[in-house]
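Asker: Residues per chain are reported as follows:
There are 4 protein chains.
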Amino acid sequence: MMMSKPWIFKRQELVRFGHCDPAGIVFYPRYFEMLNALVEDWFTQGLGIDYAQLLGPRRVGMPSVRLSADFKRVSRMGDLLTQRIAINKLGRSSLGLTLQFDGTNNDEDGCRVAFEQVLVCTSLDTHKAQPFPPDLRAALERVTGAAT
Amino acid sequence: MMMSKPWIFKRQELVRFGHCDPAGIVFYPRYFEMLNALVEDWFTQGLGIDYAQLLGPRRVGMPSVRLSADFKRVSRMGDLLTQRIAINKLGRSSLGLTLQFDGTNNDEDGCRVAFEQVLVCTSLDTHKAQPFPPDLRAALERVTGAAT
Amino acid sequence: MMMSKPWIFKRQELVRFGHCDPAGIVFYPRYFEMLNALVEDWFTQGLGIDYAQLLGPRRVGMPSVRLSADFKRVSRMGDLLTQRIAINKLGRSSLGLTLQFDGTNNDEDGCRVAFEQVLVCTSLDTHKAQPFPPDLRAALERVTGAAT
Amino acid sequence: MMMSKPWIFKRQELVRFGHCDPAGIVFYPRYFEMLNALVEDWFTQGLGIDYAQLLGPRRVGMPSVRLSADFKRVSRMGDLLTQRIAINKLGRSSLGLTLQFDGTNNDEDGCRVAFEQVLVCTSLDTHKAQPFPPDLRAALERVTGAAT
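Chains as they are written, first to last, in the working numbering: chain E, 1 to 148; chain D, 1 to 148; chain B, 1 to 148; chain Y, 1 to 148.
FYI, nobody ran anything at the bench for these hints, they're computed from the structure. One or more hints might be untrue.
With a straight-line Cα cutoff of 30 Å, these simulated DSBU-like cross-link-like pairs (lysine-lysine) come out [said to hold, decoys possible]:
| # | chain 1 | residue 1 | chain 2 | residue 2 |
| --- | --- | --- | --- | --- |
| 1 | B | K128 | Y | K72 |
| 2 | Y | K10 | B | K89 |
| 3 | E | K128 | D | K128 |
| 4 | D | K89 | E | K72 |
| 5 | Y | K72 | Y | K89 |
| 6 | Y | K128 | D | K10 |
| 7 | Y | K128 | Y | K89 |
| 8 | Y | K10 | Y | K72 |
| 9 | Y | K10 | Y | K89 |
| 10 | E | K128 | E | K72 |
| 11 | E | K89 | E | K72 |
| 12 | Y | K128 | B | K89 |
| 13 | E | K72 | E | K5 |
| 14 | D | K89 | D | K5 |
| 15 | D | K128 | E | K89 |
| 16 | B | K72 | B | K89 |
| 17 | D | K72 | D | K128 |
| 18 | E | K72 | E | K10 |
| 19 | B | K10 | B | K72 |
| 20 | D | K72 | E | K72 |
| 21 | D | K128 | E | K72 |
| 22 | E | K10 | B | K10 |
| 23 | Y | K128 | B | K72 |
| 24 | B | K72 | Y | K5 |
| 25 | B | K72 | Y | K72 |
Here are some, though not all, of the chain D residues that point toward chain E, as calculated from beta-carbon distances under 10 Å [to be verified]:
| # | residue |
| --- | --- |
| 26 | Y31 |
| 27 | V65 |
| 28 | E116 |
| 29 | T122 |
Quick reminder that beta carbons are idealized off the backbone N, C-alpha and C, glycines included.
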């Protein structure tokens with residue numbers, strides 16, 4: 001059951017004109033722009049680790065090494081998506097996430113897209129993996145502890 | 001071995017300034033824009049089915065139902081990517097593809113991103129699945145026949 | 001004085017990773033995506049005319065016929081932009097706007113980009129100009145009246 | 001007459017699915033992505049100054065300080081745009097360009113969008129204006145000389 005997923009962060013995003021294609025539905029690369037924005041907001045607001053500081057002055061990268069998406073229902077301009085994150089796996093330098101975008105247009109609505117994403121912590125100078133910095137590690141342990 | 005994949009279409013694309021992020025590497029949603037452009041060119045140039053006609057006047061959609069990506073090496077502005085398509089599975093209304101973006105900067109370069117994508121043929125009026133139109137089906141059978 | 005402009009709508013937007021280029025600053029096409037989102041929110045929230053309804057079921061378009069931008073200061077990832085709209089000219093089917101994005105990082109900050117935009121009301125079936133629909137016209141007159 | 005403009009660079013670009021909005025026409029921020037790609041190709045192919053090298057290792061920026069666009073005709077998915085550049089003004093660190101995207105669908109077609117753009121040469125370390133580097137200056141003088 002998706003309902004039992006221990007979601008640790010949630011936000012909402014409006015499907016805009018610029019997200020949609022000539023078919024009138026979200027063009028899938030735009031879903032991935034939303035996905036990155038969701039992760040940004042989770043870091044800054046949820047974990048208390050400023051994402052712009054992390055990737056800017058601190059030179060810590062969080063690129064995806066693996067990403068999959070199941071597109072289950074179409075989304076149209078004007079839809080409000082509820083976007084959620086759960087942690088699947090926390091490694092020394094990698095982080096496995098489940099992310100889900102749900103519509104709430106009516107009773108029969110539900111999951112629009114379900115994502116699995118593996119992020120890895122890197123140095124932006126070398127683009128090589130490195131352990132999470134201590135403040136980020138502590139924040140991640142706090143939320144995964146809270147979720148068990 | 002990736003080499004033995006029966007690639008049926010190939011094109012090249014330059015990694016541009018606008019594809020890259022503050023880390024100086026391709027922002028992953030841009031890879032999916034490239035992916036869609038690759039599929040468009042394959043339809044029009046490889047299969048001889050004009051993609052703009054198909055999705056425009058003919059009102060036939062080809063949305064993704066499943067998509068996964070393995071990001072293996074970073075790509076930088078100015079890199080020339082070789083993009084290839086192979087067919088994994090041809091159904092009545094669905095199409096399973098393997099797609100790969102390779103760099104060729106030097107001898108140690110190789111696959112940058114490997115994708116698996118399942119497309120489904122839909123009506124753009126109902127967004128429901130429908131069998132491939134006959135000309136598209138014939139073109140797909142021709143290339144899969146050629147590849148076996 | 002910019003201060004004396006009769007701004008009729010305001011919102012804020014965070015500069016995200018995906019807005020920025022390898023130079024670490026906003027890639028200018030992303031400013032225009034923000035601009036369109038600002039106009040969308042103004043219609044829906046400020047004017048009370050649902051933008052998604054207008055361009056979707058109602059088939060009324062609001063394309064730009066003229067657009068100019070003065071880029072005055074760079075914007076970086078993590079900056080919070082204050083975005084404002086003022087009306088310059090209201091015609092039978094056209095609308096002249098001034099739009100401005102300001103940063104508020106410190107005392108010496110100020111306007112990042114100033115835009116002038118002319119939108120025209122069209123039918124999405126013919127892409128030809130048509131007078132504003134009555135509810136939109138009434139809403140526009142209300143705010144321009146309020147602003148004088 | 002636009003015909004008498006001394007165009008110094010030309011390329012073609014296909015209007016893709018991902019460029020178009022629910023109205024079935026190019027979403028204007030995508031025109032600016034095309035515009036940047038046009039300038040990139042002009043630098044690399046026309047001027048012989050590798051754009052990725054310039055903005056990457058050489059840390060020379062070319063941001064826009066002013067940009068205007070006149071949208072004259074809509075562009076649809078599948079249209080082939082001819083994109084051209086002319087130089088209006090060459091300063092010590094700034095460059096004024098006219099750029100035009102034309103359609104060629106039929107005899108009555110013509111200019112889709114006309115742009116005026118002022119680029120300025122900057123240091124990507126300070127984001128302050130600086131004179132063009134000697135090789136770029138020489139290349140620009142060569143083409144403007146050729147055009148007079």
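Asker: Which of the stated hints cannot be reconciled with the structure, identified by number in ascending sequence?
Answerer: Of the numbered hints given earlier, those the structure breaks are 2, 3, 6, 10, 12, 15 and 17, listed in rising order.
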